[in-house]
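Engineer: The hints should help you fit chains B, C, D and E onto chain A, whose structure is shown.
This is what each chain is made of:
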Amino acid sequence: MNILSLFVLIPLLMLAGLWASRTLNQTRGVMLAGSSALLILAIGLAVEYTNLRQGGATADMLFTDSVTWYEPLHIAYSTGVDGISVVMLLLSAIIMFTGTFASWRLKPMTKEYFLWFTLLALGVFGFFISTDLFTMFLFYETALIPMYLLIGVWGSGRKEYAAMKLTLMLMGGSAFLLIGILGIYYGAGATTMNILELASMSIPANIQHIFFPLVFLGFGVLGALFPFHTWSPDGHASAPTAVSMLHAGVLMKLGGYGCFRIAIWLMPEGAQEWSGLFLVLTTISVVYGALSAVVQTDLKYINAYSSVSHCGLVLFALLMMTRTACTGAILQMLSHGLMTALFFAVIGMIYGRTHTRDIRLLGGLMRIMPFLAVAYVIAGLANLGLPGLSGFVAEMTVFVGSFEHPDLFHRVCTIIATTSIVITAVYILRTVGRILYGTCKNPEFEKLTDATWDERTAVICLIACVAALGMAPYWASTIINESVAPVIERLACS
Amino acid sequence: MNIATLLHMQPEVMLACFIIILLFADLTIRQPNHRILQLITIGLLLVHLATNLTLSEETLFGGMYHSSPMSSAVKSILTIGTLLVVLQAGPWIRLSDNNHKAGEFYILVFTTLLGMFFMTSAGHFLMFYVGLEMASIPMACLIAFDKYRAGSAEAGMKFILSAMFSSALMLFGISLLYGTVGTLYFSDMPEHIVGSPLQMGALVFFFAGLGFKLSLVPFHAWTPDTYQGAPTTVGGYLSVVSKGAAAFALVNILLRVFGPMAENWELLLSVVIVLTITVGNLMALHQQNMKRFMAYSSISQAGYILLAILAGATGTAALTYYILAYMAANLAVFCVINEIEQHTGGHVDRDDYRALYTTNPRLTLVLTLALFSLAGIPPFAGFFSKFFVFAAAAREGHWIVTFLALINTVISLYYYLLVVRAMYIDPSDNPAPTFRTGRLGQLTLVVCLIAIVALGLVSPIYETLCQAAMLTFGAN
Amino acid sequence: MEYTLYILLLPLLSFLILALTGMKWTHRAAGLFATGLLAVAALLSWTAVADYLALAPDATGVRPELLPFCFEWLPFGHGLGINLGLLIDAPSVLMLGVISTVSLMVHIYSLGYMKGERGFQRYYAFLGLFSFAMMGLVVAPGVFQMYLFWELVGVSSYLLIGFYYTRPAAIAASKKAFIVTRFADLGFLIGILIYGYYLGTFDFRPDPAALAAGGMMLPWALGLMFVGGAGKSAMLPLHIWLPDAMEGPTPVSALIHAATMVVAGVYQVARLFPLFVTYAPEVLHAIAWVGALTALYAAIVACVQTDIKRVLAFSTISQIGFMMVALGVCTSTDPHTGGLGYMASLFHLTTHALFKALLFLGAGSVIHAVHSNEMSAMGRLAGRMPLTHITFLIACLAIAGIPPFSGFFSKDEILTACFRYSPTIGWTMTGIAALTAFYMFRLYCRIFWGKASQETEHAHESPAVMTLPLLILAALTCVMGWVPFGTFISADGTPYEIHLDMQVALTSIAFAVVAIALALTFYLNGHSTVPTRIEKACPKLHQAAYRRFYFDEMWQFVTHRIIFGCLSTPIAWFDRHVIDRFMDFMAWSANAAGEELQPLQNGRVQTYMILFLGGIVALTIILLLAAEGMF
Amino acid sequence: MELEIHVFHYLVVSTVMLFCGIYGFCTRKNLLAMLISVELMLNASNINFAVFNRYLFPGQLEGHFFSLFGIAIAAAETAVAIAIIINVYRNFNRVLTDDVSHMKG
Amino acid sequence: MMDLSLLDITFYATAAVIIVCSILAVTTGRIVRSATYLLFVLFGTGVIYSMLGYTYLGAVQLMVYAGGIVVLYIFSILLTRSSQTMRYRIGRGRLAAVLAATATGAVLVIFLLASQHFALVAIPQGVELPAREIGHAMIGSDKYQYVLPFEIVSVLLVACMIGAILIARRHK
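Residue numbers (this note's numbering), protein chains in the order written: chain A, 1 to 494; chain B, 1 to 476; chain C, 1 to 631; chain D, 1 to 105; chain E, 1 to 172.
Because the hints were derived from the structure by calculation, they are not lab data. Note that this is a predicted model, so its numbers are computed, not measured. Glycine included, C-beta positions come from ideal geometry on N, C-alpha and C. Errors might be hidden in some of the hints.
[Claimed, not checked] Below, computed lysine-lysine pairings styled on DSSO-like, alpha-carbon distance capped at 30 angstroms: (1) A/K447 to A/K107; (2) C/K451 to C/K536; (3) C/K24 to A/K447; (4) A/K447 to C/K115; (5) A/K441 to C/K536; (6) C/K24 to C/K115; (7) A/K111 to A/K441; (8) D/K104 to B/K101; (9) C/K451 to C/K540; (10) A/K441 to C/K540.
[To be verified] Now the stretches of chain A that chain C is said to cover, found in silico as 3 or more residues with beta-carbon under 8 angstroms: (11) 158-172; (12) 395-401.
Bound-form chain A, shown alone (with noise of 0.2 angstroms):
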């Protein structure tokens, strides 16, 4: 048994177990265990990941293991991971104990909940550790479609649009991505679906001038690559906590993930080619959604927004298709995801005592609820990009591994990314001015508490991660670094 089908297993484990569960406290047992599980266990194999690279592990990726599924379309549930899976999972699991907790007090149909969420989860750890085109898409959608009921049922404000908007906007970014999967491995004329074995086979340019735009587009939609990115506001304001954590810290980077391990790695000469256009559309991104940010009147907007802008971020990296930038990129999507859960669970909390997230009623929160404030403030400054937190760091690495690429047109691009820096900056001290300080606008806050035991684990956790990332960045940079040299290899070969 492969150490990395116990992400699978695991899931698969909690969800019969909550299936059998009759007790709240059963169904909270069962979702203790089981993420608490799954995040020694993303430790571990981190840990074993990188002793193994230091020993010497030369391989594109470890733990590789495959077991024929479908002999005649030569699928395989094949899996494997190099250092970008490892963070990943490792950020998978991180979200899911944190969001374990952030939906501690979740009702009702709290057992429902954990079922979908899990197989959220599901879904996540399983497209990371595949390698194989057709069980990563299998993961990929398992992951999409709880979402609907996790926001429709769960949710607030209007939940049935923007879970039926979303679901259905990343349904069809995956229509796209389905038919990029088909054209690769027709179009490679593969006998295998193991990305591993069609990076090392050569798929003809014109086939890659055609799907690489569809399957980019297909993760992008994910990504919120404008102008596919207007299910990510509504999506996120209206639902619960968790999930806004676990699929703006998780889900939304399988978007990026994918865009850079199937669409840039199998198809570097598609990638070339069509660059300039995406590259384009993710600067756009990357300072249209910082612009939309700032005049919000929603907390969750704001924050939706300004993923937007972080994630179009991860993917303008990516089309840089330097090295430097490809860490960055990957580095990003860890510290947005990170930081970007924070934001949500804090929000999510802020909003769970006061029932509204519109700035101009809420004020004074530093007093009346100081843990959660000053989380909300530590995740600002870790969104604007504050050294010694997670984002400093990856953008960072993002914009000298952008400002690596010589052309002028990227060099421009680049420039233009940087300013979303700035613009971060007001719209987070907008809402940091707004809601935290000040006085109180409304008497009945006044009562309110501050953060209870399980809230406060979450927060924290999540907080010590950003810190972490953000102090001691070598151990990512560097395992990253070194799993991004294939693609760029082939990327430069092309």
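Structural biologist: This is chains B, C, D and E only, laid out in the frame that chain A set:
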């Protein structure tokens, strides 16, 4: 001719014997006998399923009858479908209006099934035609089975008139074909098929007849009215078993007879696929009545089935697999609709399903998963079947059609989610009361559920079908 | 000198401990704890200064640069990466000494000033963070570390300005400070990117080969980096945040917005000075003009402000302008031939840090006594607050350039350097120096003399814990000028003997004395009508100066009207109403198409069969046409 | 004695018959009248089979038998259709398509 | 101008009757007449079968259709009082659509048939298809023999009978 010949067509012969057994049972067992008859039918179908193991290629009656591993597999699938339909018929057939007609119901079901068997293993157009009619005419009786319900009568009328119209046109098409070819044996025809204009016309006329059975746009219009009016159980039967047989018959004839005209029928199919999926989806958006809704859903599903046919020999395994996966999901949905209809006094509107989760969580879950499977959401069977179909079509280079079909999955997801939304999200003042599903109903749902989950994850099923397809059509 | 690491770590420790557990501490314990840690850090810094100066210079008189600690923090690949470490050389130890000294003074002072304030622990935590960041900035061996701590400094400044977070003005000011500097930092960042790309390193001392190859892009890199420096150092037109930053507690203003953080820009240019001089002299001279303009502008505005902290803030801007000018007028690294300004600038930076901190702390003491920032609430405080008065006077004399106080010496060097570069700039700076003397004494008079107000009735001298730092700083101000600064620090590291250019010195003294005299006549007794009359004579000018020449309004216009009004709001609208609507439209059109198709399904078999027939006919025709090759 | 009529002439007759049937089916509102029209359509194909068989492929009796079975099946169909129409009449009291079109949309 | 033999004339006369009666059957306003015209068409078809030498087929045509089905029609017409409801006609728009579709279809089919260029063949008259041959073909199981469909049709007819009775039977 000898007895051995009959053994080679054992599925059909057995089925014919079953009809006689049922006839006698119906006459000899005292009324009300619906429960016993149901059990007998189930038993007979199980026996049939167990004994249907022919995997060799057989040509009997001078080419009139042709069975292949694939047709054998299809027959098994159809039998399973029928079994599931019979299993879920309980709550409906025991109604006081119907319980004395149970014998007729099962006989008619068997007759139509027999017709479909002949349709799928025909080697001659006459056989095919007779099989087709045998699958249609008693079906009309089944549709009009609730004869004191206006809807059922109306549906029966629409079905029989449409069926006659389409079969007349198809007959005309066959006659034209005969005029150009000079024979009606499938195996002798391809050498005379040259793609002359008259043959093209004949192809379209013939295709329309099967398009009617498959409810392809623009030959689909009877479908919603019929599904809505027909007894729900029959609706399920019609949507799955009848469609499956027609699909296989179509691919069989297109490949065996019209093989030289592949270019023509690929174009024909492409147009019809896009129309079918799109129109089916668009029309389904506005449906409130669940049966009608499922009718449109089945129209759009037929488009995907056709997509597999478009892939030709490559697609046959995907086609059969698709039918299987579709059958599991669709019959689960119809079973749930039927249960709710029978337990709430005929409520079949989507609004009646509001907040169903609060009262009947398990039923809701089954329905949800079935709908997800229909929409092609992993890890359910529908996802795999759709993927295989798309893969087959893409492999044959039908990228644009595949792409349009894929885009359409998004629309279909929308309307399936509307149902899910009604059940989980929308509030309701008086949701359907909590009720217990009967044993056989539960069994149906469990079987469907297992199929929905396991069909995709367990690969040997598809691989077996692939082998059968390879043996039959030489496709790999 | 490995212990220098602890100079950084101690404030950080103070920050971390107070931030994580501060709420559980008593005010007194927290304050003493932080102060104690900082005192140790300060002691270590002084030791470091001493140790460094004790190092034997090499043959040319240059002291070695030490790198006691360095590690790769974040690798980027291609040999690039962010290295964190400590670069110990003359400017950095000097800065360490200055920062830790002022910071210690402020820590001690705040024990009294902030007594009883809500969030006292938080205050000390932030002070610790700031001290850590500022010292990290000055010891940076590379430009990226500088940027990193630069941002941290910015954020601690933000947190401290917004310390009174329930006051709307403080919130707005903190936001403004951060965003304006952040905007400037964008330039810094892009500069760094260019620097790193073309020179292949982020170190301050790039490889000569790389310099030769990538040197032509260096003016851009340096110019853009200076934008960052200009933002931090409140150069025109990015100065607008500094006056508003006075909303923070006064000791904070003393530490951050007078002595240390705001001179980061100067320090940055000084750090990059060799590159500036060699590869981008034109940028350097542009900096000089920016500095001169800023100094002039700020001095004029300072003359008419009535909030004492604002006056001090503008004076700070003006003085930083002096430092910038000093750097900008350099033409070589040799202090004897054209590199004098470098030494002068850093000298002035040091003296200014001390006397400006003194001024602010003194002002804080006054504010503490009268509970107001407005001049109108003060007057005749000399008797009531003798210690404050004396120390404040010393500082005023220092800034006015009256010997023997420290300001005189450093300013004199600056003016000398200016005159060497160009008489125009020399005379301009001399004039500005006179203006400085004028407005400082206006301030002095209106606080300590002039008319008494109601608030002054109950004013009394501050506690010892506040006056002690004043006295220490005053003492330093007195002696600092006599330090042979040039022997320790010069542009190329070689010792330089400071000698007064008597002509320049006398002129500037004369100007200063006249200006002081004028100020005393106008404001000493508080009855002179001259100022009012001048005000009346040119109301527009006065108004303009009072409103700081409408820079805030301009920025307000740019940010609110253009960024918010013309970009953000339309984009948000566009997103909701065009892009999102387009997605909705697609859904809607599918729905509408479905509805349009409904009539076909009219329930009549005839219609269905017409459709059927029509379908057959159409399909046949399509097939025929296709066979004819029509498609 | 030989009959020398071009096949085409028969085909014209059958085609006209077919389309008459179609026309009738689509224009009539009475269900029985529609059924009568369908009879015409079915009959048309039968003629075709017989004619093709006799004229073009006289060797075997395929068309002949097709016609024969066609007649039988048509009869069966008609019987069932009439039964259903009678049932419709019982339910609706009328046999007009306009009345029997409650299900639509 | 080709000269017409008696047989030709018989054929064309029959064809004319068939066409005219077809048209009348679908246009007449009285349903009983419609059924009668249908009868004529069926007779005409029977005549054509006979002319082709398929006397057996002609006989079946007459017996099953004329003897069975048309009678069934008449009964059901009376049973459903259909004669009263024949006045309802479809709207003009739809009529135009039907006419257009029908006419296009007819033209298309005739065009297709014409494009095939069937050969002109003469068939001998008076040569009947022997009933023995038909019988052999009907019960044989080899190629060109039809016992299997024959048997199936019997099952079909049984099923239809059961179904029709089920539907039409009035009481429980």
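Engineer: Hint by hint, which ones does this structure get wrong, listed from lowest number up?
Structural biologist: Violated hints: 5, 7, 10; rest satisfied.
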